[in-house]
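Peer 1: Sequence:
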Amino acid sequence: MHVGHLRSTIIGDAVARTLEFLGNKVIRANHVGDWGTQFGMLIAYLEKMQNEHASEMELQDLEAFYREAKKHYDEDPAFAEKARNYVVKLQGGDEYCRAMWKKLVDITMQQNQRNYDRLNVTLTDKDVMGESLYNPMLPGIVADLKAQGLAVEDDGALVVYLDEFQNKEGNPMGVIVQKKDGGFLYTTTDIAAAKYRFETLNADRALVFSDSRQSQHMQQAWLITRKAGYVPDDFSLEHKNFGMMLGKDGKPFKTRSGGTVKLADLLDEAVERAGVLINEKNADLSDEEKARVIDAVGIGAVKYADLSKNRTTDYVFDWDNMLSFEGNTAPYMQYAYTRIHSIFTKADVDLNSLAEAPILLNDDKERALAVKLLQFEEAVSGVAKEGAPHILCGYLYELAGAFSSFYEHCPILNATDEVKASRLKLALLTQRTLKQGLDLLGIKTVEKM
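First residue of the sequence shown: 17, per our numbering; consecutive thereafter.
Keep in mind that the hints were calculated from the coordinates and are not lab data.
Hints are supplied without guarantee of correctness; some may be wrong.
As the list claims (entries may be wrong) - Cut-off 25 Å, straight-line C-alpha distance, at most; resulting in silico cross-link-like pairs (BS3-like, lysine-lysine):
{"no.": "1", "residue 1": "Lys256", "residue 2": "Lys278"}
{"no.": "2", "residue 1": "Lys306", "residue 2": "Lys381"}
{"no.": "3", "residue 1": "Lys264", "residue 2": "Lys243"}
To be verified - Now the in silico label distances, taken between C-beta atoms and shown as ranges:
{"no.": "4", "residue 1": "Asp179", "residue 2": "Arg355", "range": "34 to 42 Å"}
{"no.": "5", "residue 1": "Thr276", "residue 2": "Asp334", "range": "28 to 36 Å"}
{"no.": "6", "residue 1": "Gly186", "residue 2": "Lys64", "range": "48 to 56 Å"}
C-beta atoms are modelled at their ideal positions from N, C-alpha and C, and glycine is treated no differently.
Hey, can you work out the whole structure from these sequences and the hints?
Peer 2: Given below as structure tokens:
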């Protein structure tokens, strides 16, 4: 996995968590690219490695494995011919090729799962519904599109012409659903996926989280899906597109050498930078506490920096901003939570005793905090409706700010018993709301920082 996989993973996870929190049944579908012509090349290279008794460890760096396979494909005609033959055999169900393909997919998903676990997202191997799942359905779909008169032959390929989209000449745009060599395209797969999600999964709403550059592709695939009658008009197909992660130069985020940034390397650096930060701020934590805090702050910073931005816009990846304890950042939110926790430690009060305590709103800051607490439902509903976690991030930041102002102007521990109980209850509700909100975003809280 590289950084390009980060946004779909964490945005989709936050929305799935939120929908479940609101009582919806959510089926996670991890649409991985586990099928296609590249697997002929990868199978041929895996075979070469095994014949040379190469170490299994070489497969642990999948990016390097892919680069080497591509190099052999480009430079060795015999290897390239074997790779092309393996594609045909794989698509035809050849047992040997299927076994090699499965090995490659299993290793890939095992490595992906480690990233999912580090990111604290709720995806598991049971959620994988990759392109290979839909492959057996594609010939039938293409045949049906042809039978309905939607797909017509054009220069050997099967094409659906859409009046709703025009090419440069102003003519209906053609969308290829089967190439002249018999191969299928992403459009065909996405048509099958929409059909499967309605007919087999019995969903009433399908949300797809992918790059904004796929917007037209998704619109066309789903338009064909509806024209073919595979889903009814009231089946909601929603492309929750997102912008790109950019470097400080305004270009797509890359390594200094211009290469793709591995997600695991990014998370390693986040934890390393958080370690420096936490060691400077609190050297009194035990090693176990420190490790837990550093991980929560580092991973949380990367996630929150992404989730707090409007989903549809590009954003600049900036370590200094995301790890700051000021502004709309994970460290600020996590510190706000621990700050409230420390109040209860000092108050030495039984939280259960606050259950029956009346809330008194005599001060403007008390009222402002209470009003902000009541807006939690609105924020959560916004995330569920729009598929936009930044709505919740913005709310939590405002809530933390309202509490900070309340705490500054409304003494808690020195107040009279009745006022003290009321203000402690407001603090408790704020703490619980912050924790619940951050949990919906998949961001961990800590009690010490």
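Peer 1: Hints first: check each against the structure and report whether it holds.
Peer 2: Hint check results:
1. Lys256 / Lys278: holds, 24 Å
2. Lys306 / Lys381: violated, 34 Å
3. Lys264 / Lys243: With a Cα-Cα distance of about 44 Å, the restraint between Lys264 and Lys243 is violated, given a limit of 25 Å.
4. Asp179 / Arg355: 34 to 42 Å: violated, 59 Å
5. Thr276 / Asp334: 28 to 36 Å: violated, 19 Å
6. Gly186 / Lys64: 48 to 56 Å: For Gly186 and Lys64 the Cβ distance comes to about 50 Å; the hint holds.
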